[in-house]
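Undergrad: Chains as they are written, first to last, in this note's numbering: chain A, 7 to 663; chain B, 7 to 663.
If you are wondering where the hints come from, they were derived from the structure by calculation, not from laboratory data.
Any given hint could be a false lead.
[To be verified] Derived pair list, reagent style DSS-like, types lysine-lysine, alpha-carbon separation capped at 27 Å:
#	chain 1	residue 1	chain 2	residue 2
1	B	490	A	426
2	B	538	A	531
3	A	548	B	531
4	A	548	B	555
5	B	555	A	490
6	B	548	A	490
7	A	555	A	531
8	A	538	B	531
2 protein chains.
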Amino acid sequence: MISDVEVPKQNPVSRLLLGRPLPTRELEHQTVSKKVGLAVFASDALSSTAYATEEILVILALAGTGAATLGLSIPLAIGIAILLAIVTVSYRQTIYAYPNGGGAYIVARDNLGEVAAQVAGAALLTDYILTVAVSVSAGIAQITSAFPSLFGARVELALLVIAFITIVNLRGVKESGTIFAIPTYFFLGTMFLTLGVGLYRHLTGTLGVVTGVEVLEGSIQPLTLFLILRAFSSGCAALTGIEAISNGITAFEKPRSHNAAVTLGWMSAILITIFLSMTFLAHQIQVLPSETETVISQLARTVFGRGSIFYFLTTIGTALILLMAANTSYADFPRLAALHAGDGFLPRQLTFRGGRLVFSWGIMTLAVFASLLVIIMQASTTALIPLYAIGVFLSFTISQAGMVVRLRKIGRLQPGEVVKGLETDLEYDKRWRLKAILSGLGAFCTGVVMLVFAITKFTSGAWFVVVLVPVLVVIFFRIHQHYKDVAHSLSLRNIRMDTQTHPVQTLILMNDIHAGTINMINVAKSMGHPWKALYIAVSPEKAQILRQKWDAVIGEGELEIISSPYRQLADPIREYVQDELRVNPTAYIHVVMGHLSMETAWEQMLHQNSVLIFNLALAGLERVLVTIVPYQVHHNGGSVSGNVLTAAQMKEDRDRK
Amino acid sequence: MISDVEVPKQNPVSRLLLGRPLPTRELEHQTVSKKVGLAVFASDALSSTAYATEEILVILALAGTGAATLGLSIPLAIGIAILLAIVTVSYRQTIYAYPNGGGAYIVARDNLGEVAAQVAGAALLTDYILTVAVSVSAGIAQITSAFPSLFGARVELALLVIAFITIVNLRGVKESGTIFAIPTYFFLGTMFLTLGVGLYRHLTGTLGVVTGVEVLEGSIQPLTLFLILRAFSSGCAALTGIEAISNGITAFEKPRSHNAAVTLGWMSAILITIFLSMTFLAHQIQVLPSETETVISQLARTVFGRGSIFYFLTTIGTALILLMAANTSYADFPRLAALHAGDGFLPRQLTFRGGRLVFSWGIMTLAVFASLLVIIMQASTTALIPLYAIGVFLSFTISQAGMVVRLRKIGRLQPGEVVKGLETDLEYDKRWRLKAILSGLGAFCTGVVMLVFAITKFTSGAWFVVVLVPVLVVIFFRIHQHYKDVAHSLSLRNIRMDTQTHPVQTLILMNDIHAGTINMINVAKSMGHPWKALYIAVSPEKAQILRQKWDAVIGEGELEIISSPYRQLADPIREYVQDELRVNPTAYIHVVMGHLSMETAWEQMLHQNSVLIFNLALAGLERVLVTIVPYQVHHNGGSVSGNVLTAAQMKEDRDRK
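Given the sequences, and given the hints that come with them, work out the whole structure.
TA: Put into C-alpha cells, the structure is as follows:
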C-alpha cells in the first residue's frame, strides 16, 4: 500500500517566516530567469567593486599617499581586468561542458580525481563563508560611512543582516531571487549614474578633489615589488564571485548552459567597466584610503556633493548590493556542501532538503560560521580581506586545470566521435587545442596569483587559510573512510543471516512501586517471556520498604535488590546486565524501564528522567534491548489521572466493539 | 539477594579535582571542630567588615565629604553593633532549641507554617547567591586596590575564583574546612595587627591622615534623615552571615548545640570589635570613599605606609577572607535547597548527594547564578550591595518571630513537662518569658531594619529582591502542587489493578535494509508477537528499491510503505501508530526501531540519529512501547564488524558451554 499524507501542520511563526511547506515534486520549478539569475549569482562579483579599489589603495598607501604611488592603482587595475577577462572566457567553456553544474568540485572530480576535488571543495566552502563575512562587513561599513554614529553597533548590525539573509534563504531560492533582483539593479543604476556624471565632470574639468578625509595612520614603508604584488593580490578580490554562475547552472531556466553563459558574459562586462572607471576616477579626485569612510562614499560625495540625494542613493545602493552579495554564498554553499555530503565526504544531513526544498542544514552551517567570523574580526573588511580570495583562486586553478585534462581527452577522439564520460559526454571538437590553451592560460594565471596571495598576505592572516584547507581535506577523507567502513559493516554480503529466533529474558528496572511501575510489570508480563525485577538500593531503608511493598502489592515474580553504597545507578545496572548476558549466551536481554511522562517540559524537569542515565549505562552492549514504557501523567481540570489500562477501561473497550 | 559493589571507577581528572568517591556510611564523619567551624561558617560574617564601613561612607559622602557628615559613621556603627548583639543573643537561643539545624526555614516551618517557611527560604537562597557575588567582587576589589593594573580583568578573576571555590566544595565540607581555616586566621591576625598598630599610633598621636585618594564623584545631596537611614541600612551588611552557624549546626562535632553556640559567641565578639575599631580609625585618618581603593587599603597604607610588607599582608588577608567568605554560602545554600527539595518545594534532584557526599546539584546551581550576577553587575560591590541583606533580614525576622511562638507554647507547659514537637521536644523553661522578650526584640529590630532597607534602597536595586522573593515563593508552591498531583496520580489507591495481560502488536520502523535492520527483524520475531514493517518514503525511487530488497532478502512478513511528499518522518509515523491503536483497542503497540551505535560521539554525529525524532513522534501516546535495537559498529584494526548474532557465532556459543 502506498498512501499519501496531507500538507503538514505548521506553527504560524514558521509559516510567516518560511512560507508553506513544498512537496518534493515542486523541486524542478525552483529555477530562475537570466535577469533574476544575474541578480542572484552576480551580486557577489559586482559588489566586490565596492572594496577592490579601496584594498589596492590601502596597501599602496603604506608607501605614502603621493600621487605617483597611489597612481600605480591604474596599471594594477588594468592587470586585474585582463585576468578577469581570461577567467571569464575559460569559465564559459566550463559552463557549456558541464550543463548540470560545472563548479570546481565537479570538474575536478571528473578529470583530476578525488583529492583535487576535495581540495577545490574545501577551498570554495571556506571562501563562501568568508564571502558572507566580507560582504556583510563591507555593506555595514558603507552605511557607517554615511551615518558615523552607527559605527559602534556595526557587529550587531552585521549579525542582524546575516540573520535576515538566512531566513530569506530558508524560504527558497526563487523567492529570494525576486527579493534580490531589485537591489542589484538599483545598485547598477546608481553606480552607472555616479561614474557617468563623474566622467562627464572630469572631461568638462568641473570635477574637484575629495576633502576632509580621516587618513589611515601607519608607518611609511618603501615601495617594494612585494608591496606592489600585495596591492595587486588585494585588488584581485574583484574576481571573487565570478565562479558563482558555473556552480549554480542548474538553478537557471532551460537552456541552462546558454542562459548561464550569457549571464556570465554580462556580468564580467559590467564588472570590468565599473572597476576600471572607479579606479580611474578615484585617482582623479585623489581619494585617500580611510578607516571610517569608503572609497565609494568619497567618490559619490565629490561627484554629487555630500548633501545631495544622489549621494545617499549611491550609498544605499552600494550597501544593499553588498548585503545582498552574501546571498550568492547562500545559493552556492549549501549546494556544494550537499555534493560533498552526497559523495560521503561531509555529514549526510547536508543532503536533506527542508520543508521549503532548500538544504536547510547547509544554510544554517553557513550562517553560524559567517556570524562567528564577523564577531571575531569585529566586522572589519580590512582584517577579513587577507583570508579572502585564496580559496577562490585555488578553485579557479584546479577547475581550469581539470578542463585542460578534459580537452586533451577530447583531442584524442575521432571527428564526430562521442564518448560517455563520468559527468557528461565527451564530444569531438576541432577547436579543442585553442580551448585547452585558453583554459591552461587561465589556470596558469590564477595559480600564480594564488601563490602571490599566499606569500604576500601570509603573515597578515592568509596562513590561517593555508593551514585550514589541508586540515579540512583530511577531515573530509576521514569522514569518507568512516562511511565506507560503516557501509562495509552493514553490507549483507559480510554477515551470515541469522534465521533462528532467540530466547528473550525480560528485566524490569524498578525505582519505586506506584501506578506507573505496575503498568510496567503488566507490559513485561504481556511480552510473554521469563521476567524479573531489579532495584538499585541507594539507601538500605528504602530497599526494605520496597521489598515490603513488592510482597504486598505485586506478590509474584522475583525482585533482586543490589545495594549501591556509592549512590551510583548506572554502573551496578550495567554490571548486572553483563552478568545476565554471560549466563544467557544466546538470549536477548530485554530491559524494560518506566518513564513518567509529564505534559510540559517544565514539569518534566522536576523529575529524575533516569531513562537517559540508564540508556548510557547500557550503551554498546550487544544483545541488550531497551524498552521504554511511558506513563502519562495528565492534569484533568486540576486533578490528575494516569494511563494504566485498568480492568474497567478494558471492559469498556470490549463493550464498545 | 542483597549484594555489594566495588568502589566505582573514576577518570583521573575528576579524581584529582574531586578526590575519591565516598560511600554513604561515611556521611556522619563529615563534621568539623569549633576552630574549623569558625573558619567555615564565620568567614562570611567576618569578611563583611571589609565593606560595611565603606558602604556607610559611600552613602554619607553623597551629602559631602566634610568631617561632620562622615563622622556620623561612628554613631551609625554603634547602632549596628547593638543590633548585632541583640541578634546574636536571640540566635543562641535558636541554636539550643534546634540542635538538628535551626535555620530560619526549619524554625518557621515548625512554628509559623509552610508559607512563612517558604518565604524565609526564598529570601535566604537569594541572599546566599548574593553573598557569593558580593564577597568575591569585594575580594577582587581588594586585590585591584593594591594592583590597579588588574582592574580591567576583575570580572574574569571573579569568575575564576567562583570556579575554584566550586571545585573545592564539590570535594566536601571537611576538607574545604581545613583549606579555609588558614586564610580566616591569617585575616584575623593581619586585621588585629592593623587595628592595634593604628590605635596605638592614634593614642601616641603619630597616626597621620590618608592622602592621594581618587574620590567618587557625584552631585551633593542634602543630609536628610532618609540618607542617614540609607547609610545605616548599607552598613547593616555587617550582620549578614551571622545566621550561617544556626543553619549549619549539624556540621559541628558533638555536642553540636554547645559547640555551635560557643562559635557564634566568638564570632560576634570578633566582628563587633573589628567593625567598631575600623569605623573609628577610618574617621580619624579621614578615609574618603573611592571606586578604585577600598577603605581597608587606605587604612592599612596609612598605618603601615604603602611600601610596607604589612600593607601587603593585610591586603592579601582581606582579599583571602572575602574570597573564602563565599564558601559559607557553599556550605549553606545546598543544605537549605535540599531541605526545600525534600519537602517537595524544589526539584528532587537537589536532595541527591554526589560522589563526595555533597549536594552537587545545589553547589552547581549556586555557582551558575552567582557567576551570572557577577557578569551582569560587572563585579561591582557597590552595584550589588542594594540587592544584598534584605533577604537575610527578612529571614532573621521570620526566624525570631518563630522562636517567640515556640516560647509562648513552652510558657503554657507545666514545670518539668516535656511535649513532643514537630522538630524537637518542647521542654518547660521557667525563663521562657525573658527569652521570648529577647527573641521578640530581635524580630522587631531586624523587621524594622528590613523595611528601612526595602524603602531606602528600593530604587537602586532592592525592588528586584522585593519582587523576586514572592515570585520564588509562588514557584515553590507550584512545584509542591505538582509533586502532590503526581503522587496522587501514581497512588495505588486511585487505580484498579489490571491483572490481565494484553496482546502485543509489533511494528518495525525501517529506513533501509542492511545488517542492522536484519538484526532488528530478528529481534521482532524473537519477541514472538504478530509483526509488520513500516517504511516512510521520502523519495518514490528509494521506496521501490527497498521493496525489491525486502522481497529478495527478507522474503516474509508485511512491509507497509507510506509516501511522504513533504519529506516529514515524525508525523506519518505518529498517524500510522494512532491508526494501529484504534484498530487494536486493548493491545500494546510495540514499536521496534534500530540505532546505529558508533564508537565515538564524532562518528555518531555523522549519522541521522532518528531515534530522537521517532521518540518525539510517539511521545504521549498511551499503550505505545518503544524498543531501541542497538547495532554496534566496531572498528577492529581498521576493519569493521557488526554485532549481529550470526549462526556461526551461535554455534560457537553452544560449543563453549
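Undergrad: State for each hint whether it applies.
TA: Hints versus structure:
no.	hint	result
1	B:490 x A:426	violated (74 Å)
2	B:538 x A:531	holds (22 Å)
3	A:548 x B:531	violated (39 Å)
4	A:548 x B:555	violated (53 Å)
5	B:555 x A:490	holds (20 Å)
6	B:548 x A:490	holds (20 Å)
7	A:555 x A:531	holds (19 Å)
8	A:538 x B:531	holds (22 Å)
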